[in-house]
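Chemist: Okay, here's what each chain looks like letter by letter:
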Amino acid sequence: MRASLALGGALAGLAAGAALLSLVWTPQAVDGIDIAARLRPPGGANLLGTDHFGRDILSMLMVGARTSLAVAVLAVGIGAGLGVPLGLWAAARRGGWADALIGRAADLVFAFPSLVIAILITAVAGPSAVNAILAIGIFNIPVFARVTRGAALALWTQDWVRAARLAGKGDLRISVEHVLPNLASLLIVQGTIQFSLGILAEAGLSYVGLGAQPPTPSWGRMLAEAQTMVALAPHVALMPGLAIMATVLGLNLLGDGLRDRLDPRLRPGAGA
Amino acid sequence: MARSLAVRILALAGSLWAASLIVFAVIEVIPGDPAAFMLGLNATPETVAALRDQLGLTGSLPARYLAWAGGMVTGDFGTSYTYKVPVADLVADRLAVSLPLTVYAMAISTAIALPAGLVAAAARGRAADLAVTGLTQLGVAVPNFWFAMLLVLVFALSLGWFPAGGFPGWEDGVGPALRALTLPALALALPQAAILTRVMRSATLEVLGQDFIRTARAKGLSRARAVWRHGFRNALVPVLTILGLQFAFLLAGAIIIENVFYLPGLGRLIFQAITQRDLIVVESVVMLMVAAVIAVNAAVDLAYALVDPRLRR
Chain A
1 MRASLALGGA LAGLAAGAAL LSLVWTPQAV DGIDIAARLR PPGGANLLGT DHFGRDILSM
61 LMVGARTSLA VAVLAVGIGA GLGVPLGLWA AARRGGWADA LIGRAADLVF AFPSLVIAIL
121 ITAVAGPSAV NAILAIGIFN IPVFARVTRG AALALWTQDW VRAARLAGKG DLRISVEHVL
181 PNLASLLIVQ GTIQFSLGIL AEAGLSYVGL GAQPPTPSWG RMLAEAQTMV ALAPHVALMP
241 GLAIMATVLG LNLLGDGLRD RLDPRLRPGA GA
Chain B
1 MARSLAVRIL ALAGSLWAAS LIVFAVIEVI PGDPAAFMLG LNATPETVAA LRDQLGLTGS
61 LPARYLAWAG GMVTGDFGTS YTYKVPVADL VADRLAVSLP LTVYAMAIST AIALPAGLVA
121 AAARGRAADL AVTGLTQLGV AVPNFWFAML LVLVFALSLG WFPAGGFPGW EDGVGPALRA
181 LTLPALALAL PQAAILTRVM RSATLEVLGQ DFIRTARAKG LSRARAVWRH GFRNALVPVL
241 TILGLQFAFL LAGAIIIENV FYLPGLGRLI FQAITQRDLI VVESVVMLMV AAVIAVNAAV
301 DLAYALVDPR LRR
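If you read the sequences in order, they're chains A and B. Numbered per the working numbering, the first sequence spans residues 1 to 272. Numbered per the working numbering, the second sequence spans residues 1 to 313.
What the hints contain is simulated information worked out from the structure, not anything from laboratory work. Just so it is clear, the structure is predicted and the values come from calculations on it, not from any experiment. Hints may contain errors.
[As the list claims (entries may be wrong)] Some chain A residues close to chain B (C-beta under 10 Å, calculated; not the full set):
(1) 73
(2) 92
(3) 95
(4) 96
(5) 98
(6) 123
(7) 237
(8) 246
(9) 256
(10) 260
(11) 262
[Said to hold, decoys possible] Distance ranges between label pairs, derived from CB positions:
(12) 126(B) <-> 128(A): 24 to 30 Å
(13) 93(B) <-> 95(A): 46 to 52 Å
(14) 93(A) <-> 52(B): 25 to 31 Å
(15) 261(A) <-> 299(B): 27 to 33 Å
(16) 95(A) <-> 85(B): 31 to 37 Å
(17) 209(B) <-> 177(A): 36 to 42 Å
(18) 173(A) <-> 295(B): 40 to 46 Å
(19) 25(A) <-> 107(B): 46 to 52 Å
Note that CB positions come from ideal geometry on N, CA and C, so glycine has one too.
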């Protein structure tokens with residue numbers, strides 16, 4: 001599946017590149033309101049047209065990519081940063097109280113869909129991009145904990161782990177020096193999947209107003225604003241959706257491709 | 001079996017209890033006094049105190065938790081600050097929209113996914129399989145609220161087959177109500193159908209490799225009949241689990257989709273409650289949603305054990 005790796009990498013790279021480029025250059029300014037230029041169709045100076053304030057949609061999308069990617073990356077960081085150590089701990093103490101507690105807690109968090117977590121946080125602290133990161137990140141923790149624990153359990157039965165034990169290493173050192181490096185490819189794949197889910201979740205949250213607040217452009221809010229004029233100017237609603245779809249599709253393909261490349265054993269249908 | 005049932009019920013009660021503690025704790029740390037907020041800037045301390053008393057905001061934390069949790073168990077969810085009606089009535093009203101929407105979406109998603117996954121598995125590696133797998137890639141990448149907007153653009157605004165939003169209520173008959181729910185249910189179902197199709201495909205592939213399929217073929221069953229008679233039913237076990245998990249996503253997804261279509265469901269209720277700082281409503285509705293997710297997953301677990309004797313412990 002070399003093709004999915006290339007296509008996925010290209011699409012995800014496009015989004016990341018647009019986000020980075022927007023730090024130094026956008027085709028037009030995104031904070032200027034120019035009512036005379038409102039709802040222009042794609043073409044000419046505005047490659048993807050303009051929105052209801054006359055802002056260049058391509059420029060808005062580039063700046064919005066920043067928000068989406070930053071929220072998703074940080075949410076994956078929270079999820080992996082807390083989930084992986086918890087998963088390693090649970091696997092090291094398999095069958096013990098820590099394992100049971102982490103397992104139960106993961107079940108419990110799964111009962112709170114990330115949108116519900118976001119609603120709770122918003123009710124407490126008001127809507128913001130930071131709260132969106134927290135909501136998606138909290139939901140990611142049990143995902144990483146589960147995946148890490150599951151794969152680490154298998155590693156703990158390996159002879160070289162026993163050898164490390166005989167060499168006098170404790171649970172912590174074995175987890176960090178022997179188990180974790182062998183989980184790297186699995187975690188990269190899972191990280192890519194959670195990254196793409198994070199983009200979707202961020203779009204949903206900012207669409208309903210629980211994410212980044214104006215004037216920070218975000219793909220979800222661009223869609224929310226476009227909704228009332230979808231009949232009048234469909235391109236305003238089409239472009240942000242296509243951007244989200246292309247980025248998520250790219251990350252998913254990248255994840256599939258990386259999985260095949262990094263670890264043939266994870267390939268669906270392999271082995272058995 | 002009776003023993004394992006008791007253990008499951010205990011675990012279910014434990015999860016619900018832990019979830020209620022979380023929801024209560026989160027709402028409790030919210031700064032600001034709802035009573036003062038409701039009465040505005042000109043309220044005297046006495047009237048605020050009286051309202052606090054009336055809302056049950058006085059008393060120690062454990063006492064308030066017990067009052068709230070006890071109410072949740074007995075169906076008394078408190079009284080909405082803004083609507084001045086029992087939250088239970090509000091929820092019942094809104095459930096009449098949200099529940100049919102969720103079930104409708106699940107039905108659509110299953111109706112698409114089971115045949116599509118089966119066909120893809122049977123045609124493994126050939127054109128039909130590639131087409132289905134490619135479509136599932138798109139299906140999981142499309143944000144459902146955007147798909148909803150596209151559906152509105154095509155089927156409501158251009159073709160006029162369905163309303164673009166709003167809900168007529170069930171009083172005018174089932175037809176108009178279902179028509180109003182069709183586009184939202186489709187939008188809600190799309191990503192779930194894509195995921196379910198993948199699960200169905202891989203579950204069927206797994207089953208097709210089993211010896212009993214070869215036996216069935218050796219006995220003279222055609223490939224299609226072997227897939228249908230023996231493959232399909234055995235592939236349903238993992239599909240059932242995913243269906244349970246999807247309930248949580250549908251419930252959460254419905255919150256957003258209801259906002260796209262201006263449907264008066266639980267999702268809209270919760271958003272209005274947040275903007276109006278009607279915390280009793282937020283607290284109780286979130287708890288009900290979480291409880292529903294936990295209960296459905298427990299039920300799926302149980303159904304699983306009933307369907308597959310190997311999973312009984």
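Chemist: Going back to the hint list, which numbers does this structure go against?
Modeler: 1, 2, 3, 4, 5, 10, 11, 12, 14, 15, 16
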